[in-house]
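Once you've looked at the hints, dock chain B against the given chain A.
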Amino acid sequence: GAGVSQSPSNKVTEKGKDVELRCDPISGHTALYWYRQSLGQGLEFLIYFQGNSAPDKSGLPSDRFSAERTGGSVSTLTIQRTQQEDSAVYLCASSLGRVGPRSHGYTFGSGTRLTVV
Amino acid sequence: DQQVKQNSPSLSVQEGRISILNCDYTNSMFDYFLWYKKYPAEGPTFLISISSIKDKNEDGRFTVFLNKSAKHLSLHIVPSQPGDSAVYFCAATDTGGFKTIFGAGTRLFVKA
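If you read the protein sequences in the order shown, they are chains A and B.
With our numbering applied, the first sequence covers 112 to 228.
With our numbering applied, the second sequence covers 3 to 114.
Pulled out of the complex, with its shape left as it was, chain A reads as follows (with noise of 0.2 Å):
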């Protein structure tokens, strides 16, 4: 697409309940990144995947997050037994390859407001 594409827009799901996230990147991107932005903080990288290498998941706070790239394109991220503090918005990034996103940055997808109540 023209675009990266997050769904759902919005979530509000009940504390203990599993989510899901989905980010569909720009075609032809290689690389992608799962991001989120908790209330008054910056951006915490979560998870980043590259072709068909292991993903750098150095980011993932807890063991009940867990994300999937299927066939190279769309990723899911996945949130087990949420919790009140997981609310935030998560914000999901492709780029070309390894080199392009140091000088010339991601494209962002416009995010996924999740409210855990």
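Everything labelled a hint here was simulated from the structure, so no lab data went into it.
Yeah, the Cβ is synthetic: ideal placement off N, Cα and C, and Gly gets one too.
Errors might be hidden in some of the hints.
As the list claims (entries may be wrong) - If we take Cβ atoms under 7 Å as the criterion, some of the chain A residues that face chain B in the derived model are:
no. : residue
1   : GLY153
2   : PHE156
3   : TYR159
4   : GLY216
5   : GLY220
As the list claims (entries may be wrong) - Here are the simulated lysine to any residue pairs, SDA-like style, with alpha carbons at most 25 Å apart:
no. : chain 1 : residue 1 : chain 2 : residue 2
6   : B       : LYS73     : B       : ARG63
7   : B       : LYS73     : B       : ASN24
8   : B       : LYS70     : A       : HIS215
9   : B       : LYS7      : A       : LYS122
10  : B       : LYS56     : A       : LEU207
11  : B       : LYS73     : B       : SER10
12  : B       : LYS70     : B       : VAL80
13  : A       : LYS122    : B       : ALA106
14  : A       : LYS168    : B       : LYS101
15  : B       : LYS7      : B       : ASP33
16  : B       : LYS101    : A       : GLY208
What the hints assert, rightly or not - Okay, the calculated beta carbon distance ranges per label pair:
no. : chain 1 : residue 1 : chain 2 : residue 2 : range
17  : B       : VAL80     : A       : ASP129    : 46 to 52 Å
18  : B       : ILE22     : A       : GLY114    : 43 to 49 Å
19  : B       : LYS113    : A       : SER164    : 46 to 52 Å
Here is chain B on its own, set in the frame of chain A:
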């Protein structure tokens, strides 16, 4: 441990004047520094970057200055326009990694 710090949460500037947004970093391995702009309900958009081997990069009304000895960079917007009102994130990448480290952002208000 914040590797990229933006100590001013907000800045207000009159239209036509210069906006200066500041950023400090701690990791000397960073090789690129970037600025992103974010409007409400939208994702951040890339604005301008600078390599660590340079001290200035200019793109239209936007100029980024890098002072490596002080581990400090700044974004200058001149002249400022009301449409520049947004949150600006400073970010950095290191030579070995693929992820970008972001600061907390500075909200810029440009008054007409």
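Evaluation of the provided hints:
no.	hint	verdict
1	GLY153	holds, 4 Å
2	PHE156	holds, 5 Å
3	TYR159	holds, 5 Å
4	GLY216	holds, 3 Å
5	GLY220	holds, 5 Å
6	LYS73(B) with ARG63(B)	holds, 23 Å
7	LYS73(B) with ASN24(B)	holds, 11 Å
8	LYS70(B) with HIS215(A)	holds, 20 Å
9	LYS7(B) with LYS122(A)	violated, 30 Å
10	LYS56(B) with LEU207(A)	holds, 24 Å
11	LYS73(B) with SER10(B)	holds, 16 Å
12	LYS70(B) with VAL80(B)	holds, 23 Å
13	LYS122(A) with ALA106(B)	holds, 24 Å
14	LYS168(A) with LYS101(B)	holds, 11 Å
15	LYS7(B) with ASP33(B)	holds, 16 Å
16	LYS101(B) with GLY208(A)	holds, 12 Å
17	VAL80(B) with ASP129(A): 46 to 52 Å	holds, 49 Å
18	ILE22(B) with GLY114(A): 43 to 49 Å	violated, 31 Å
19	LYS113(B) with SER164(A): 46 to 52 Å	holds, 48 Å
Hints 9 and 18 from the earlier list are contradicted by this structure; the remaining hints agree with it.
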